[in-house]
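What follows is the residue order along each chain.
2 protein chains.
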Amino acid sequence: MTDKILSISRRTRATPFTRRVEAAGVKGYTVYNHMLLPTFFTNNEDDYWSLCQNVQVWDVSCERQIEVSGPDSERLIQLMTPRDISRAVIGQGLYAPLCDESGGLVNDPVLIKFANNDWWVSIADSDVRLWARGLAHGFGLDVKIREAAIWPLAVQGPRAEQLVTRVFGNEVPGIRFFRSKMLEFRGKAMMVMRSGYSKQGGFEIYLNDPDLAEPLWDELFEQGQDLNVRPGGPNLIERIESGLLSYGNDMNFTHNPFECGLDAFIDLDADIESMSLPALRAIRGKHVHQLMGLVFDEAVFFPDFAIIADDRVVGDVRSQVWSPRYQKYLAMAMMKRDFLSANETLTVDGKIGNIVDLPFDFDAIR
Amino acid sequence: MTDKILSISRRTRATPFTRRVEAAGVKGYTVYNHMLLPTFFTNNEDDYWSLCQNVQVWDVSCERQIEVSGPDSERLIQLMTPRDISRAVIGQGLYAPLCDESGGLVNDPVLIKFANNDWWVSIADSDVRLWARGLAHGFGLDVKIREAAIWPLAVQGPRAEQLVTRVFGNEVPGIRFFRSKMLEFRGKAMMVMRSGYSKQGGFEIYLNDPDLAEPLWDELFEQGQDLNVRPGGPNLIERIESGLLSYGNDMNFTHNPFECGLDAFIDLDADIESMSLPALRAIRGKHVHQLMGLVFDEAVFFPDFAIIADDRVVGDVRSQVWSPRYQKYLAMAMMKRDFLSANETLTVDGKIGNIVDLPFDFDAIR
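Going down the list, the protein sequences come from chains A and B. Position 16 (the first sequence) corresponds to 16 in our numbering; numbering is contiguous. Position 311 (the second sequence) corresponds to 677 in our numbering; numbering is contiguous.
What the hints contain is simulated information worked out from the structure, not anything from laboratory work. Nothing here was measured: the structure is a model prediction, and the numbers come from that model. Check the hints yourself; a few may be wrong.
Claimed, not checked - In silico negatives: residues of chain B with every beta carbon more than 12 Å from chain A:
#	residue
1	455
2	456
3	690
What the hints assert, rightly or not - Just so you have them, the derived chain A footprint on chain B, three or more residues with Cβ under 8 Å:
#	stretch
4	370 to 380
5	388 to 395
6	400 to 412
7	460 to 473
8	492 to 505
9	607 to 617
The beta carbon of each residue, even a glycine, is placed where N, CA and C say it ideally should be.
Turn these sequences into a full structure, and let the hints guide you.
Pasting the structure below:
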């Protein structure tokens with residue numbers, strides 16, 4: 001496919017940062033939760049090195065926060081996820097699959113217990129708000145569910161801590177991974193969490209006042225000048241190298257969490273009221289697919305994303321990219337498990353690739 | 367904003383027609399229900415005249431069909447909409463707002479009673495599947511809910527009937543508006559409905575076999591050569607001139623159907639079990655906004671879409687376009703009703719525009 005223009009309208013919602021993103025020369029967007037998500041500013045590879053070497057500021061407002069509050073909020077959150085949330089600490093982020101009654105993945109958000117009886121579901125790309133409202137109404141739960149007026153801004157890269165500390169102060173380095181503090185910017189306290197959709201380290205600032213969006217953006221770029229701060233966005237190369245999953249790409253509502261290797265985030269034996277647990281207990285070990293990594297020495301092409309072997313479809317490629325660092329062509333693919341049990345390689349177009357576990361282990365690969 | 371590239375991935379799903387759409391030279395897409403929706407092939411104005419004068423073929427696969435089947439299917443559909451569906455006829459399309467328990471708009475689909483206990487919800491851009499599944503699980507309803515393997519292809523324009531008749535036969539002209547027939551293409555019966563997102567007349571073909579997508583596309587272009595058939599998509603100029611609403615643009619989940627002028631599609635006094643009716647009965651007449659048309663003699667600019675009068679925000683522009691036919695700048699705007707009661711014009715940047723009812727009445731305007 002050649003490049004196509006994105007037709008932008010109010011349905012593809014702008015964010016409080018969009019004016020700055022545009023002024024910074026954004027070249028591409030995708031649409032995520034009905035909102036603009038900047039994808040690149042120079043090109044994927046150049047953006048990749050900047051992210052890995054310095055620090056970037058990302059407008060990830062599209063990580064909408066579905067706020068569930070009220071006396072039954074914890075009960076509803078637990079219904080939606082097979083991960084035991086009973087020991088969650090206030091201010092902590094918990095990566096948790098959301099699964100329906102058949103075990104299908106509805107979303108894979110970060111759950112944040114913002115306060116007692118006040119949860120934020122920091123969602124991937126699907127309307128979790130509608131599902132939550134449907135469940136709450138059907139079960140007659142005493143909750144309020146809304147898309148909160150929160151617009152996350154990510155600061156990612158090895159110099160992120162330095163930059164965020166300059167802007168939010170000396171409490172920043174003490175924040176542990178997936179923990180947060182309420183810190184002030186221009187007199188307004190907002191949540192700052194050590195998190196983000198890269199493995200380069202960094203923070204997400206949960207902006208709660210749209211009028212502070214441009215001042216915050218400007219301050220980060222001013223304070224980060226000597227750190228070579230640049231605008232960026234979730235980077236395809238970095239996230240595939242790091243094995244970070246993307247809901248809608250690598251998996252969707254037709255897949256269950258076992259197929260995606262999310263076993264560690266499911267408490268199958270917990271005594272919790274979670275709507276997907278009966279189905280997941282029954283599926284365990286019997287799932288058909290497994291998300292795997294593919295590694296080739298050169299780029300390969302999969303017509304219609306299909307992976308063919310022995311004249312049958314044995315899987316499909318979900319994400320793929322050339323890794324400039326490792327000089328390998330990397331893919332994430334949903335593979336049939338019966339094929340995996342007998343095969344560790346794959347031949348595409350005469351080129352032999354290795355089928356490996358995720359995340360990629362580049363020490364083993366080289 | 368200058369043009370931006372859409373970063374396409376598997377999350378922005380391709381359709382069975384995408385290869386043909388690409389070969390036909392599509393220049394822009396938007397993302398709709400997590401799927402690619404072609405927006406223009408030459409430019410909006412050129413595409414507009416082709417649509418109004420001849421016939422176009424549109425890949426509207428993104429109008430996903432949420433299929434609700436089973437003994438409780440009609441009960442669930444009725445719960446979701448305040449429109450009385452009890453007299454629906456098989457094969458008929460019903461435009462119907464979906465509203466939640468607070469009266470907020472969840473979607474504005476066309477409901478199709480495909481068979482007894484088998485409904486298709488032909489959705490606008492929100493994950494109705496999740497809401498429906500949440501409600502069904504909460505209420506313990508005996509239904510199956512899935513995104514059906516259906517990919518609508520629209521044929522729109524004054525010559526659409528001629529073209530569709532050539533491909534699907536002589537039963538086509540007898541199909542009334544929002545009615546359908548099961549007609550065969552290459553031996554496979556599929557639903558053909560007189561419908562579509564334009565006022566130029568036409569049909570939607572509910573393709574139910576992806577292997578027939580390219581043969582169907584090719585046949586329409588071959589048979590339509592002398593009719594000047596062209597590829598197209600929902601056209602911003604045409605749909606605004608025609609007053610066709612776009613969920614997510616003109617209204618969203620924060621609005622209720624009265625604000626959008628959808629009163630005719632709500633059976634407020636019907637004896638039906640619809641979850642939004644109590645709220646809608648209470649809101650009626652007390653809603654804050656009204657979706658109106660704005661007409662200016664030349665293009666005007668609304669910073670941040672805000673409509674300012676008497677130093678206060680009195681509304682916001684949701685969609686806007688220059689009409690080459692009427693030589694007017696047209697907008698749809700959510701206006702505060704208290705402003706409307708005293709004002710029939712609006713001054714923007716020194717230019718005076720008229721505030722009019724929707725759909726636009728161009729005989730009155732000229």
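Now the hints, each set against the structure:
1. Look at residue 455 of chain B: its CB is around 28 Å from the nearest CB on chain A, clear of 12 Å, so calling it non-interface holds up.
2. Look at residue 456 of chain B: its CB is around 27 Å from the nearest CB on chain A, clear of 12 Å, so calling it non-interface holds up.
3. Annotated as non-interface, residue 690 of chain B keeps its C-beta farther than 12 Å from every C-beta of chain A; the closest such distance is 18 Å.
4. Note: the stretch 370 to 380 of chain B has 9 residues with beta-carbon separation from chain A under 8 Å; the three-residue rule is met and the coverage holds.
5. Coverage of a stretch by a chain is defined here by at least three residues with a beta carbon nearer than 8 Å to that chain's beta carbons; for the stretch 388 to 395 of chain B and chain A the count is 5, and the condition holds.
6. With 3 residues having a Cβ less than 8 Å from any Cβ of chain A, the stretch 400 to 412 of chain B passes the three-residue criterion, so the hint holds.
7. Counting residues of the stretch 460 to 473 of chain B whose beta carbon lies closer than 8 Å to any beta carbon of chain A gives 3, which meets the minimum of three for the stated coverage.
8. As drawn, the stretch 492 to 505 of chain B meets chain A at 14 residues by the rule of a beta-carbon pair under 8 Å; at three or more, the given contact holds.
9. With 4 residues having a beta carbon nearer than 8 Å to a beta carbon of chain A, the stretch 607 to 617 of chain B meets the requirement of three or more and the stated coverage holds.
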